[in-house]
Amino acid sequence: MADKTQKPVLLTMKDIRIEGRSDETWSEIIKGVDLTLHKGEVLGLIGESGAGKSTLGLAAMGFTRDGCRISGGTIDFDGIDLRSASESQRRGLRGKRIAYVAQSAAASFNPAHRLIDQYSEAPVQHGVMGRAEAERDAVELYRRMQLPNPGDIGFRYPHQVSGGQLQRAMTAMAMACRPDLIIFDEPTTALDVTTQIEVLAAIRDIVAQFDTAAIYITHDLAVVAQMADRIKVLLRGVEVEEADTRTMLSSPKEDYTKSLWAVRSLARPAQPAVRDAVPVVSVQGVTAGYGSTDVLKNVGFDIHKRRTVAVVGESGSGKSTTARVITGLLPPRQGRVLFDGQPLPADYRQRTRDQLRQAQMIYQMADTALNPKLRLRELIGRPAQMYLGLRGKALETRIKDLLTLIELEPAKYIDRLPSELSGGQKQRIGIARALAAEPKFIICDEVTSALDQLVAEGILKLLDRLQSEFDLAYMFITHDLATVKAIADEVVVMQNGRVVEQGEKDEMFHPPHDPYTELLLSSVPEMDPDWLTRLLEERAAKKA
Amino acid sequence: MSFLIALFWIAVAIAGALTAGWLFLKIAASVTRGGTARALRSAPVTAGFGMLVILLYILVALLAPVIAPYAEREVVGAQFLPWDSTHLLGTDNLGRDMFTRLVYGARNTVGIAFLTTALAFSIGSILGLLAATVGGWMDQVLSRIVDILMAIPSLIFSLLLLTIFGTSVVTLILVIATIDSTRVFRLARSVALNIVVMDYIEAAKLRGEGLWRLITREILPNALAPLVAEFGLRFCFVFLMISALSFLGVGIQPPTADWGSMVKDNAALITFGDVTPLLPAGAIALLTVAVNFVVDWMLHRASGLKE
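Listed in order, the protein sequences are those of chains A and B. Each position in the first sequence, counted from 1, maps to that position plus 365 in our numbering. Each position in the second sequence, counted from 1, maps to that position plus 67 in our numbering.
Hints were generated in silico from the structure; no laboratory data involved.
List of simulated lysine-lysine pairs, DSSO-like, C-alpha gap at most 30 Å:
1. A/K791 / B/K272
2. A/K805 / B/K272
3. B/K272 / A/K765
Take the sequences, apply the hints, and build the full model.
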């Protein structure tokens with residue numbers, strides 16, 4: 366791979382500075398970053414959200430989002446100065462010689478047109494090929510991207526194909542004019558691990574086949590390890606370090622990079638199993654669904670005091686529906702939920718206030734889980750006021766205690782609105798709100814999946830600490846197996862509304878497995894740059 | 068030539084209005100503090116003009132007995148007297164002072180329109196939020212009733228109801244409020260439908276919050292911006308509707324001064340090239356424009372749009 370640096374240089378960005386406008390003032394988002402890309406080379410761009418990865422990626426096309434401007438530096442693409450080039454000159458390059466693949470293909474495709482129509486748009490407009498030729502070419506690329514039925518998948522509308530297929534169709538579309546450079550902006554972040562593999566493999570193959578240079582933007586280190594020849598780490602608009610993939614993985618130089626690497630190794634010893642005691646929550650033979658279809662089929666598991674049960678599975682496997690049954694939002698058709706050995710009424714409206722208090726929930730998106738018009742005082746104070754009858758001074762003290770507990774300074778934050786907090790802080794408020802009720806059991810629904818790795822690590826540590834402090838039982842819904850490793854005692858694997866396998870964490874991470882668990886476990890990207898190649902070979906061997 | 072002069076005066080009027088609005092914003096921003104002052108400083112000049120006009124109308128309505136030179140129903144001279152120093156805007160078809168009537172008209176027309184809009188909003192938004200929150204049969208019943216009421220053209224429907232129940236101020240307010248509350252209901256319901264699916268509403272329900280608190284603390288604050296904007300627009304419609312009904316003779320009844328009927332009573336003068344009967348109409352138009360300026364600004368702020 367190292368030989369790629371010998372190839373001619375395709376893109377040079379020097380001392381790039383980009384400013385964004387907020388409240389009438391311009392502030393720098395990218396503070397002087399250099400970037401060099403050779404022909405056929407893949408550069409991985411990693412960093413937390415807000416690090417400026419996407420902004421820098423878009424700048425490689427000479428483009429900025431609304432409200433941003435390039436204020437300094439030079440962008441040289443194959444001898445063309447993109448900063449001084451006219452808008453029509455740049456437009457001639459985009460889509461033809463430089464292409465862009467967005468994070469959410471579902472949101473980026475126009476839902477009103479068929480895939481192949483959108484595919485043909487760029488080549489026809491740039492005059493690379495005629496309409497009929499473009500359609501023949503589309504089928505060829507769909508075949509190379511290993512899409513099922515390449516001959517007619519293009520004649521479907523975006524909502525008629527799955528998320529992983531859509532992302533591959535988008536990559537094919539970016540390839541339509543055989544560009545010299547493609548910018549991938551988190552192309553697999555929204556996908557399940559099992560689908561992610563297919564997309565990663567397809568992208569890697571096609572980039573290699575056409576010898577296309579690429580900038581691969583992601584926050585997932587294990588993914589970038591599979592894709593990139595070189596990795597550049599960004600932090601708040603400044604480059605932290607850059608090295609070729611193997612060097613970067615084995616011996617990062619900077620502390621920040623090391624801390625990013627360390628997050629993935631967060632793990633805690635499992636709590637000893639308690640078999641005889643009455644479980645805090647016991648889900649027994651639950652079958653439930655919406656309308657006439659059953660989403661859950663005979664689901665059952667126990668959650669004991671001070672233990673964390675991780676429920677894992679792809680989207681649509683029934684994880685969140687199980688949570689809805691436990692909270693009483695969706696009364697089951699069959700089966701029941703026991704709390705401390707006592708059956709809970711199926712509908713939350715029939716539960717007593719104390720039963721409601723005992724089981725709390727923390728949501729995935731803190732943005733929608735906190736009322737944007739209420740101040741933290743009321744957001745956190747309300748459960749304490751309602752369930753525990755606290756008023757006046759006692760309530761004030763309790764709110765401050767809770768804020769201290771989640772590591773936010775009470776005096777500074779108590780009168781803020783949710784919009785005045787960062788993503789991680791919002792999620793902490795969600796935790797405080799659950800704690801305010803003094804529950805025995807908390808459902809954590811993908812609480813870290815919308816957060817950056819370092820922030821997510823902080824949340825997981827906080828949850829862990831609170832668990833031992835208050836003897837809490839957690840049900841931890843997640844699709845991220847790294848999180849499972851970090852926090853779970855017990856694992857329940859779900860697929861198509863059934864529990865496929867369950868047991869202690871240590872047993873789960875060792876074979877033999879149910880085939881689905883095996884697929885799920887093996888699909889989690891590892892930091893080893895050869896992992897994807899090896900995995901694909903193994904799977905191919907097994908099939909043969 | 069006269070066309071050019073008219074054009075000149077229109078330009079002067081617009082410039083004057085904008086200057087007045089700008090001055091008003093400067094003064095208002097300097098006497099207020101904190102968030103209000105910041106909002107006022109960034110407000111467009113048109114909004115300043117709108118607020119100034121609304122403020123003037125309120126003042127005139129409140130201080131009517133002080134400002135008006137005569138009593139509301141007093142006959143002070145011959146019919147249709149021209150403008151002079153004793154009767155600033157002349158007299159009307161019964162010999163009452165036109166300026167006095169105009170001032171009292173502000174009180175009656177604006178006051179009744181405000182009461183009506185407030186009532187329409189209370190009914191419409193509470194029922195709309197209720198329908199969205201409870202859903203199911205409650206939503207079905209309320210929405211179907213509203214559909215039925217909305218299926219009948221509003222002016223004809225109000226004429227019908229006013230003919231049946233008689234034309235007193237109270238019936239007028241109740242009839243128009245009922246008809247207008249259906250529009251508010253639709254808006255409140257659709258806004259709330261987007262809010263009730265949020266996780267924080269689910270969290271509040273699971274916490275065991277009662278219906279009243281759910282509506283007033285969790286949903287209403289998030290639905291307020293579009294509702295306030297609608298309040299402004301709705302106020303204009305109600306205002307025009309009352310004037311229209313008064314013009315038709317079933318609205319505010321004589322001898323109470325009211326802009327709509329004042330246009331009708333003095334309409335004969337228009338044939339003689341006199342602008343006096345158009346002054347009440349102008350007063351209505353000015354307030355409508357002013358309210359819309361302010362509403363535009365509020366909508367802009369609520370939607371978070373820049374420029």
